[in-house]
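So the chains spell out like this:
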Amino acid sequence: MNVASSVVLANQPVTSEGIVAASVYMEGRRVANIAIDEASSWRSKPGHVVWIGLHEPDMPLLTSVQRQFQLHDLAVEDANNAHQRPKIEQYGDGLFIVARTAQLIGDTIAFGETHLFVGEGYLVSVRHGASTSYKPVRERCESCPRALARGEDYILYAILDFIVDNYSPVLETIQEEVEAMEADVLANAMTRAQIERMYLLRRDLLRLRNAVGPLVEVCRRLEHDDLPMVRSTMQPLFRDVTDHVRTVQEQIDSLREVLAFAFEASLLVGQAQETLVSKRLASWLAIIAVPTAIAGIYGMNFKNMPELQWEYGYFTIIGVILIACTTLYWRFRRVGWL
Amino acid sequence: MNVASSVVLANQPVTSEGIVAASVYMEGRRVANIAIDEASSWRSKPGHVVWIGLHEPDMPLLTSVQRQFQLHDLAVEDANNAHQRPKIEQYGDGLFIVARTAQLIGDTIAFGETHLFVGEGYLVSVRHGASTSYKPVRERCESCPRALARGEDYILYAILDFIVDNYSPVLETIQEEVEAMEADVLANAMTRAQIERMYLLRRDLLRLRNAVGPLVEVCRRLEHDDLPMVRSTMQPLFRDVTDHVRTVQEQIDSLREVLAFAFEASLLVGQAQETLVSKRLASWLAIIAVPTAIAGIYGMNFKNMPELQWEYGYFTIIGVILIACTTLYWRFRRVGWL
Amino acid sequence: MNVASSVVLANQPVTSEGIVAASVYMEGRRVANIAIDEASSWRSKPGHVVWIGLHEPDMPLLTSVQRQFQLHDLAVEDANNAHQRPKIEQYGDGLFIVARTAQLIGDTIAFGETHLFVGEGYLVSVRHGASTSYKPVRERCESCPRALARGEDYILYAILDFIVDNYSPVLETIQEEVEAMEADVLANAMTRAQIERMYLLRRDLLRLRNAVGPLVEVCRRLEHDDLPMVRSTMQPLFRDVTDHVRTVQEQIDSLREVLAFAFEASLLVGQAQETLVSKRLASWLAIIAVPTAIAGIYGMNFKNMPELQWEYGYFTIIGVILIACTTLYWRFRRVGWL
Amino acid sequence: MNVASSVVLANQPVTSEGIVAASVYMEGRRVANIAIDEASSWRSKPGHVVWIGLHEPDMPLLTSVQRQFQLHDLAVEDANNAHQRPKIEQYGDGLFIVARTAQLIGDTIAFGETHLFVGEGYLVSVRHGASTSYKPVRERCESCPRALARGEDYILYAILDFIVDNYSPVLETIQEEVEAMEADVLANAMTRAQIERMYLLRRDLLRLRNAVGPLVEVCRRLEHDDLPMVRSTMQPLFRDVTDHVRTVQEQIDSLREVLAFAFEASLLVGQAQETLVSKRLASWLAIIAVPTAIAGIYGMNFKNMPELQWEYGYFTIIGVILIACTTLYWRFRRVGWL
Amino acid sequence: MNVASSVVLANQPVTSEGIVAASVYMEGRRVANIAIDEASSWRSKPGHVVWIGLHEPDMPLLTSVQRQFQLHDLAVEDANNAHQRPKIEQYGDGLFIVARTAQLIGDTIAFGETHLFVGEGYLVSVRHGASTSYKPVRERCESCPRALARGEDYILYAILDFIVDNYSPVLETIQEEVEAMEADVLANAMTRAQIERMYLLRRDLLRLRNAVGPLVEVCRRLEHDDLPMVRSTMQPLFRDVTDHVRTVQEQIDSLREVLAFAFEASLLVGQAQETLVSKRLASWLAIIAVPTAIAGIYGMNFKNMPELQWEYGYFTIIGVILIACTTLYWRFRRVGWL
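Chains as they are written, first to last, in our numbering: chain A, 841 to 1178; chain B, 841 to 1178; chain C, 841 to 1178; chain D, 841 to 1178; chain E, 841 to 1178.
So here's chain A without its partners, still in its complex pose (with noise of 0.2 Å):
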């Protein structure tokens, strides 16, 4: 992460840490990057567009993005220490939305905040802990010039969709690990490593859905609600927007489930394990009972015992226990307690 936006860094005219683009559009094509404090009269321009992308800001960084469009002091507090549920709120005829983002670091999710602020003329982006730069969105913004002109609710739209499209390969990475699980779990009860890793999936997936589920809320007002940010003719953009985030979502819960499932077969694989040990060690046990009972009895020291004294007596007695003991086995063989 830390490569990827120091990267970003290197190719933009960077006025301080924490600012990773800062620029300005006019019919969808980048006119100028700009210092932060040249943003308010950029802005004001008829037309104009003035797109800033932060990440991990300090406090005067912020507050001087602030100053610049009149920012609401709590929209500002939420953006600088993260640990935000996502929402979407109206700050007067500016909008402040917060979602979360997901991404894979080896095996484990690694969660981020992205909080935007957008009003006439402006949309400003604050990341938070692990998430891609907004780099792609940007370029692919830059080269479809005719999508960008349509203004800032535009690139609004352009980085949730980046978002919500970034939720699919974590989903398809755990989906995959399920399916390879699927097999061994069914055909062997659950190893200890297995259950720990079903357990953090588990975890995993509900920590993905807490930051999935109100999104959905989030992008479901854009599409509806008269918010005076977002022009009539975005709505069909939203509406694709939380069509995707439910499909998410549905995946989210389909997995959820299926683990579930996976729990409770495991509990019936175990316990058919279990009893199917038991038959064994039962079915093992009387057959060598056999021989040491009846060993033990023609171990005894009684004067009379007449069979001791048979020519083949031994023999006979060693050909009974071979029987008994085959015989027994035969009848456990066949009860499939062996």
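Read the hints as simulated data drawn from the structure, not as lab findings.
One or more hints might be untrue.
Using 25 Å as the maximum straight-line C-alpha spacing, the simulated SDA-like pairs for lysine to any residue come out as follows [claimed, not checked]:
| no. | chain 1 | residue 1 | chain 2 | residue 2 |
| --- | --- | --- | --- | --- |
| 1 | B | 1143 | D | 1141 |
| 2 | D | 885 | D | 917 |
| 3 | B | 885 | B | 903 |
| 4 | A | 1143 | B | 951 |
| 5 | D | 927 | C | 1146 |
| 6 | E | 1119 | B | 1149 |
| 7 | A | 1119 | A | 1153 |
| 8 | B | 975 | B | 951 |
| 9 | B | 1119 | A | 1175 |
| 10 | B | 1119 | B | 1172 |
| 11 | C | 927 | B | 1002 |
| 12 | D | 1143 | E | 1130 |
| 13 | E | 885 | E | 1160 |
| 14 | E | 975 | E | 946 |
| 15 | D | 1143 | C | 975 |
| 16 | A | 927 | A | 969 |
| 17 | B | 927 | A | 1094 |
| 18 | B | 1119 | C | 1027 |
| 19 | B | 1119 | A | 1173 |
| 20 | C | 1143 | C | 1125 |
| 21 | A | 1143 | C | 1072 |
| 22 | D | 1143 | E | 1160 |
| 23 | B | 1143 | C | 1027 |
| 24 | C | 885 | C | 986 |
| 25 | E | 1143 | B | 1152 |
| 26 | E | 1143 | A | 1153 |
| 27 | A | 1119 | A | 1169 |
Taking beta-carbon pairs under 8 Å as the criterion, some of the chain A residues facing chain E (in silico) [unchecked claim]:
| no. | residue |
| --- | --- |
| 28 | 1035 |
| 29 | 1042 |
| 30 | 1110 |
| 31 | 1120 |
| 32 | 1131 |
| 33 | 1141 |
Derived coverage of chain B by chain C (criterion: at least 3 residues anywhere in the stretch with Cβ under 8 Å from a Cβ of chain C; other residues may be distant) [claimed, not checked]:
| no. | segment |
| --- | --- |
| 34 | 1076–1086 |
| 35 | 1092–1104 |
| 36 | 1115–1124 |
| 37 | 1141–1148 |
Virtual Cβ for every residue (Gly too), placed ideally from N, Cα, C.
Put chains B, C, D and E on the given structure of chain A with help from the hints.
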């Protein structure tokens, strides 16, 4: 599936791969088989309805269809890359509907997707994945011109009805399998194969539920909302489909619950069986321990052990052993341990 | 069922198989028994109500009834092929209502369906599957002309009330069985037969819930909605039915939960019993192991084993064994293992 | 209960069995004790309120009360045969309210029902089954004429408040029992008696929930709806009852969840104990197996076994056995199996 | 707690036990510390706000406060006997708010209650049970006169914000404990102490949920409803609190689910461990049974047992035994039973 659809292709004047059928109807009768680029002109003739059926079309084909009916970019994009949740969307005066189809191939459920574009004078169906051809729908509609004469919303109804009807054989097969398994599961603890089968059934039912659940909302909106496309006289028909989907959903939920009951019951049966094995093991160990212990005692080499010198000591002891073992056996029998 | 309905048939001027009764009422008194094709003319006479009862009619009969009252095609189709969810639908100024009936045959619940067509001056009931004849309803109505004089919506109320009343004996029987089982289940781990019976009860209650659940909505609509058919003076009566259905639903839900509790409790009882068996097994093994081990030692053939030469060595050892075993027995007893 | 109500009967001019009290109030003071058939005339005097308390009245008594206040047939029928869900119904300008009461008799919860008819100038309470007499309510009301002077809706409030207050001791007793059980359950796997007690508690809480749950809706309607009976100045009082019912409901739900947690915890404790028993069994079997096996070997009758001839062979072997057993014992100890 | 509040008492001109503070503010600055019976006159001066803090006041004190601000009887009664659910109620132009507070004392959560009376020109807080003093809130407000100058609804916000903030350390501590336990639980089956700890955590989280859940509704109403007390400019602040409560609730729910997952995982781990013990037991029994059985056979006293006469019979048999045991050992090893 492929066989079926190629048969369909053979019967139709296909102008391009991916087109299953493209015809114009007037007053419920087929007027002409047309090429895609004629569609727009035919559609605008009063009282004419263009009905196009596509199967996994490539993008150029979709684009040419889009041009004919001015379809919305987002809808076309959705139709191109499948994996949508069932939904209904209104773009201008056109509707875009997504439904998931299901059919049994062997003993697994194969899911497909159908995307429908409906507007004044046209209906385009786009099938993805495993899904039955809509040839039977077309034939049934053509055989009943009076109904078909109602126009494109009747075709929409006919296709949705067909999709929902096709869930039933899938569900019946699952139901039969569940009922067959029930008896086995309750008679004996589940084998690993049965646990696996049940797990897979639960997973399939979950997927089926995801396919059917959102469709209820789609049908309900066709029935209740004032959609530009749907005449009010069609509402009883769509209400009928809604009803049917709800019945399917109820059956799925019932099966899901029954399988959950069966899992729980199986756990109890397994536990009962484990206890039974333990009881048997304990009983036989007790029975076999008696001769072993007694014989051990008379196998000791003490100089002075009076019983050893008795004339009938051996036979007495054998008798004692037999009586003890028989007594134990009967007592275990009586308390149900054996 | 068949016996009952044939008795009914014997008492009525039946013109075709499948017709249970067809009469005209005026001011609450039966005016005439009629043939189906007279229905339409009778119905249009002011103050007259036609009440027709059918049992699994064939399609021609249904069609002739349909002609008399201009019933909607979809409703008639539904009435023909059963397997509907309880619902209420309005077609023009007629109502179509589906309800599921339940009764006990032996110890399984048999489900049936009743379809009701109600409109100005007529009520047609169509019974499918196991369901009590509505003869008692008819008799009770006829015995109270003042109530019956209210018209077809009173008949509708009487039939719905009768259907809901009939759930009660079914539920009471299940409740008694559950209570009887409770004691057994908590006293001992469940036997396989009990697990199976409980599983079947849960499945039956699930079906019963599916029958009753949607009926709440049906009754609620009759009570609250401005249906053309239902006079506002009838609403307290329908509210009474709603209430009754809700009570039934609450009882079903309670029984379902109680059975779930019983399953869980049974798992704990089973576990406790398994542990008990293990403890007993362990205790007895320990007790029997003592003489076996000691006797084994004195059964060794070493030349120099002083104890073997003692005059009372054997008796000493027997004494040691007895003391050891007794001590073990009492200790196991004290800690509750035996 | 019977004792209490007979005491009440002794203090009141009862004209018929089943009447607990029948008085007229004006400006909060008792004006007269009346007979049922005077009720109607007293009620119509301005500013007078008739308050009648019945306990399991027979039908003739109910009918005479009905005549006095023109009560609706359906409400009277309900009041006659108990087994109603808590509900509130409006008949013309009269209200009919059903509530379930609960009290502890020994350690089981006894449920009763109270039916209330309220209208301009009268309140009739009908008690069924186990329920405290409303004598305390009457006394408290009479001791505070200013409040009582508000009229029949104040009496309604006082009775509902009393019913809801009476849930609390029931709940507290259950809570104490649950807390007492908690400690036991977590210290040891549950005994059969404890499992049974817990099962019964869960069932009782379920019943209590069914009694309290619908009462929330009843109170909420008294608080919010524009009922003809309830003056707006009374709404804070009913809001207070609603609040109280909600608190009771929350406590019930919490207890239900806690019991579910306890069941789960008990399953784990039971499993842990089972494993402990198995470990002990295994350890002791291993320790006892060593002398048995070694002694067995030196009990063999081979002609040539050099050790047998050693002077101290026996003592050596005894030593070896002791060392082996002690070593095993300590190792099992160290890994926590013993 | 007592320590803290007595410190507070020492700093304030307390006129009666139970009064923590009583001051008048104007334009955000403290004007005077007052006695309770001056409150009413100060309150009515324009721009003045009376802020009184009580801690478990006795009834006379509450009554004197009530007289000053004309508080509603029911609200005062509630404030007197604690044990209320979080709620917001409007009495005339005054608000009555109940919130539950939580803090860690040792490792158990101690719950308290705070009751707030707010009206034009006054705010009275009443604390019950374990709850932090609101001295920090007072200090923070006084240090920021511009904010405090907004009036009594700002104080309300400040207190609610403080209460909600105080949930966080409680939750964090629980979260850390859960995470620490996670590792243990998955590595080994839970010990009895761990099961107990988990059970207690679940119960505490349930209680915390009951404290926090209804507060969401309280905050939502302060944010959305047109309450006479709350200026619209305060709504973003209350929205912020709502947000915060929702985040807390989400965390509680997540922890509850994670603990449920851990219980399930622990059941599987326990089962796996039980099976492991059984497998080991079975393996060692098998290995030890071999020498026992063989030795038993050669301990028989038959006259004619050729092997006994062999020169190296003994050594051969010892060899056979060793080979058999070693082979068994390795086979058990290979299949993972040892």
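ask   = Any hints this thing doesn't respect? Which numbers, in order?
value = Violated hints (numbers, rising): 2, 4, 5, 6, 7, 13, 15, 20, 21, 23; every other hint is consistent with the structure.
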